[in-house]
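**Q** Whenever a hint applies, use it, and build me the whole structure from the sequences.
2 protein chains.
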Amino acid sequence: MSAPQAIDQFLQTHLNDYIKETSRLCAQPSISTTGLGIDECAELVVEILRQHGLETQIFKTPTYPIIVGRAKGQSERTLLFYNHYDVQPVDPLDLWTTPPFEPTVREGKLFARGAKDDKGELIARLAAVDAVRAAHDGVLPCGVTFIVEGEEEVGSPNIAEFVRDHLDLLKCDGAVWEEGNIDHEGYPTEFLGVRGVMCLELHVRTLTRDAHSGSAHALPNAAWRLVGALASLKDANERILIPGFYDDVRPPTKRDLELIDAMPSYEAFARSQYGVRQFVHGHTGKDIEYAVFEPTCNICGITAGYQDEGTKTVIPATALAKIDFRLVPHQDPDDILLKLRVHLDLNGFADVEIVQPEAPMYPYKTDAEQPLIELSLRTGEEVYGKRGYVEPLAGGSTPVYAFAQPLGNIAAICPGVGYWDNRAHSPDEHIRIEDFLNAARHIARIVEGFADLEK
Amino acid sequence: MSAPQAIDQFLQTHLNDYIKETSRLCAQPSISTTGLGIDECAELVVEILRQHGLETQIFKTPTYPIIVGRAKGQSERTLLFYNHYDVQPVDPLDLWTTPPFEPTVREGKLFARGAKDDKGELIARLAAVDAVRAAHDGVLPCGVTFIVEGEEEVGSPNIAEFVRDHLDLLKCDGAVWEEGNIDHEGYPTEFLGVRGVMCLELHVRTLTRDAHSGSAHALPNAAWRLVGALASLKDANERILIPGFYDDVRPPTKRDLELIDAMPSYEAFARSQYGVRQFVHGHTGKDIEYAVFEPTCNICGITAGYQDEGTKTVIPATALAKIDFRLVPHQDPDDILLKLRVHLDLNGFADVEIVQPEAPMYPYKTDAEQPLIELSLRTGEEVYGKRGYVEPLAGGSTPVYAFAQPLGNIAAICPGVGYWDNRAHSPDEHIRIEDFLNAARHIARIVEGFADLEK
Chain A
78 MSAPQAIDQF LQTHLNDYIK ETSRLCAQPS ISTTGLGIDE CAELVVEILR QHGLETQIFK
138 TPTYPIIVGR AKGQSERTLL FYNHYDVQPV DPLDLWTTPP FEPTVREGKL FARGAKDDKG
198 ELIARLAAVD AVRAAHDGVL PCGVTFIVEG EEEVGSPNIA EFVRDHLDLL KCDGAVWEEG
258 NIDHEGYPTE FLGVRGVMCL ELHVRTLTRD AHSGSAHALP NAAWRLVGAL ASLKDANERI
318 LIPGFYDDVR PPTKRDLELI DAMPSYEAFA RSQYGVRQFV HGHTGKDIEY AVFEPTCNIC
378 GITAGYQDEG TKTVIPATAL AKIDFRLVPH QDPDDILLKL RVHLDLNGFA DVEIVQPEAP
438 MYPYKTDAEQ PLIELSLRTG EEVYGKRGYV EPLAGGSTPV YAFAQPLGNI AAICPGVGYW
498 DNRAHSPDEH IRIEDFLNAA RHIARIVEGF ADLEK
Chain B
78 MSAPQAIDQF LQTHLNDYIK ETSRLCAQPS ISTTGLGIDE CAELVVEILR QHGLETQIFK
138 TPTYPIIVGR AKGQSERTLL FYNHYDVQPV DPLDLWTTPP FEPTVREGKL FARGAKDDKG
198 ELIARLAAVD AVRAAHDGVL PCGVTFIVEG EEEVGSPNIA EFVRDHLDLL KCDGAVWEEG
258 NIDHEGYPTE FLGVRGVMCL ELHVRTLTRD AHSGSAHALP NAAWRLVGAL ASLKDANERI
318 LIPGFYDDVR PPTKRDLELI DAMPSYEAFA RSQYGVRQFV HGHTGKDIEY AVFEPTCNIC
378 GITAGYQDEG TKTVIPATAL AKIDFRLVPH QDPDDILLKL RVHLDLNGFA DVEIVQPEAP
438 MYPYKTDAEQ PLIELSLRTG EEVYGKRGYV EPLAGGSTPV YAFAQPLGNI AAICPGVGYW
498 DNRAHSPDEH IRIEDFLNAA RHIARIVEGF ADLEK
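Protein chains in written order, with our numbering: chain A, 78 to 532; chain B, 78 to 532.
Hints were generated in silico from the structure; no laboratory data involved.
Glycine is no exception: its CB is placed at the ideal position from the N, C-alpha and C atoms.
There's no promise every hint is true.
To be verified - Computed footprint of chain B on chain A; a stretch qualifies when at least three of its residues, placed anywhere within it, have a C-beta under 8 Å from a C-beta of chain B:
(1) 161-172
(2) 193-207
(3) 377-386
(4) 389-396
(5) 456-466
(6) 480-486
Claimed, not checked - Label pairs and their computed distance ranges (CB to CB):
(7) 183(B) with 127(A): 40 to 48 Å
(8) 444(B) with 434(A): 51 to 59 Å
(9) 415(B) with 497(A): 37 to 45 Å
(10) 415(B) with 182(A): 49 to 57 Å
(11) 280(B) with 79(A): 54 to 62 Å
**A** This is the structure we're talking about:
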């Protein structure tokens, strides 16, 4: 039996055990936004890594623990796996078919908060390592290092410093990044970069307390101030009006656009999945996807005044918007923050307070020709029967910037358990069990091939 | 002992009983916004009116009951009292020192939702009627009719039709309106008119479900749409931009402005009570008060996306604003609603849905020279030691329009239990017990004088 056959047989045989292990990990809440269950989940991750034969340490940070588990291989070369054990909040709770922390299998899918993002990913990788070890008489061909943090969903405020302080511990020759997906046509995907993200809150207070709206001709309304401040940020075509906002934005390269052209169309997918009638900027076709090379300013939430059923005629004394900026390579969050402050001041909104509740993530981009990326595409084709495509810049954000440069300009790949409808960050988050198996098969092949990979 | 002396002695002797009766009524929740406790409260009001010797009937409406209690007097002339037994919602609950439906007396004040608006007012009026009856050997000099409805706080959708259908039952020669206040300098007040109010909801949906903000360059954000729609309604100087919005607005008369000039300054009061730094339109001095003759568009609340602690990077699929328009005499709510729809459509916001959750209230205004108003001012001076002033147009709204014209262009007055800091519609709503006593003394004198009043 060939090694790939042995790997596949091992994973098929133990698949139910790994789904149970994923369920066990998902049943433990770990919401970094509020801190719910974080410490308990960290302990559970330590226990699980040790059960998979990794020498595991837990490191305190000013906030939530970081866990590192390592196993040596025949080769000196080491593959780093980055994951996180924290999850997004679960609201709106009434839209979940089954409770978010009661993992449930139905119709070949495992439903739970974290099933995809990122607990299912972690267990699939551990399964892959188990399978390679089993297929090679208990010896891994390359070393593996797992780093699992607990605050990715709140901007990974400690990971960059942790990496800089532990370069020896984390020394590696390439990385398997947080998560991965096959797309809506079943193609595996790779990426060359991600946008950064800066989350901010805009706070307004106009009165010491709410007032009766019969005085609206006299008393200033915090919600109107906030609406004015927000409206000042964009023109009717969604162009961001903060002076200097686009200074460091560079246009995509010809190669970037070619890579996007080679990707399946996003338009029909988004129309069917999100019921989109009109895309941002009025874009259609590939223009929708090219726009990932532009930064965004997004309203995540607005809170002001009376929000329950029926009416209450009040002048809100306070108003709050939560916004995020997705930043493209070469943009600097600190620079953007300063420009936002100046913009608000110049537009008469000096009373709008900016609060930065968490550290920003910086953008990251590498070049298109990387042996590790080719390894992922080749082994992905073996598993999925389709050669994947490479996304030049992902719209979301991960702390890959914190690893890539400090660890020697390593490349990062993203095989994973996802598909186009996992509902990460949303109610009814889930994975398809078939995807979990394929991801483990794919990752096992990458671990097998990594020792001999030309750097 | 003179009749006024007998009245005052009666009220002083029984004050504690009336405060207990007010507490009993306030302890019964009756939130018309949600319907909580409404039916139980209506039954309690019937019981209380009967205990005060009124022949009482309860009338069903499509929503909440209306109660009418009557007592005959020596004269054919009848004074109508309008009140409501419903109250505003109680949120934010954590800002109440004691629970809103557990009435508590401390430092000479009674704290409870409804203590001022409008249950305390109702009991003070019943106390006044009791006192006049006691001072006149059990016979009232004029007839009294109490009408107490259960949905004033949601726009009184049934009162106008009820009045039209019960003109004989409600036949009267003048009315004591919902509530009254002494101002921050201790002056009793009267009014000649009120603004109307139209509450609306603006709903936006851009996606079938929330999406990850990494797609913000492509997927439309409902919160941004709502911000755009709201921002289109006003310019930077708070001028409302809906075409034709000001068509029917008439400037205040010279007499209106004189009446405002005679009122105590609102500016210092609002600065100290609400911490106002800058008033709407940048007004100062009397201009702040003159602005009541302009209609307003107020945001009562905005709801969109993630609103809890910390961050969640989502594109909201839906967004909602609750707004109210305060309309001045001659403006018509239906006309304004149509103009708003046209404005949104012309500005590219045809996707913003307008919902009208409750019937509007129309504006009302009478002329300055009314014998009933003079009676209230004269008797108020006896009680408070200060002659009250007349507010030509109150900023808030009441359904006085539904009574005044159908019942024969009667005048309405507003003696009452309030002062400048009752916190109606807000946490820690309360009345001062001293004000309750004075209001009852004032109203009793009005009942005494009404039979002989030149119409």
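**Q** With reference to the structure, classify each hint as holding or not holding.
**A** Here is what the structure says about each hint:
1. Only residues whose C-beta sits within less than 8 Å of a C-beta in chain B count toward coverage, and the stretch 161-172 of chain A has 3 of them, enough to reach three; the restraint holds.
2. Closer than 8 Å: that is the beta-carbon criterion, and the stretch 193-207 of chain A has 0 residues meeting it against chain B, so the requirement of 3 is violated.
3. Counting residues of the stretch 377-386 of chain A whose C-beta lies closer than 8 Å to any C-beta of chain B gives 10; at least three are required, and the coverage claim holds.
4. Figure legend: the stretch 389-396 of chain A, annotated as covered by chain B; annotation consistent (7 residues with Cβ-Cβ distances under 8 Å, at least 3 required).
5. Counting residues of the stretch 456-466 of chain A whose CB lies closer than 8 Å to any CB of chain B gives 0, which falls below the minimum of 3, so the coverage claim is violated.
6. With 0 residues having a beta carbon nearer than 8 Å to a beta carbon of chain B, the stretch 480-486 of chain A misses the requirement of three or more and the stated coverage is violated.
7. Between residue 183(B) and residue 127(A) the beta carbon distance is about 60 Å. The supplied range of 40 to 48 Å is therefore violated.
8. For residue 444(B) and residue 434(A), the Cβ-Cβ distance of about 57 Å falls inside the hinted range of 51 to 59 Å, so the restraint holds.
9. Between residue 415(B) and residue 497(A), the C-beta spacing of about 44 Å keeps the proposed range 37 to 45 Å intact.
10. Taking 49 to 57 Å as the suggested C-beta distance range, the pair residue 415(B) and residue 182(A) conforms, at roughly 54 Å.
11. A hinted range of 54 to 62 Å holds for the C-beta pair residue 280(B) and residue 79(A), which are about 60 Å apart.
Violated hints for the displayed structure, listed by number in ascending order: 2, 5, 6, 7.
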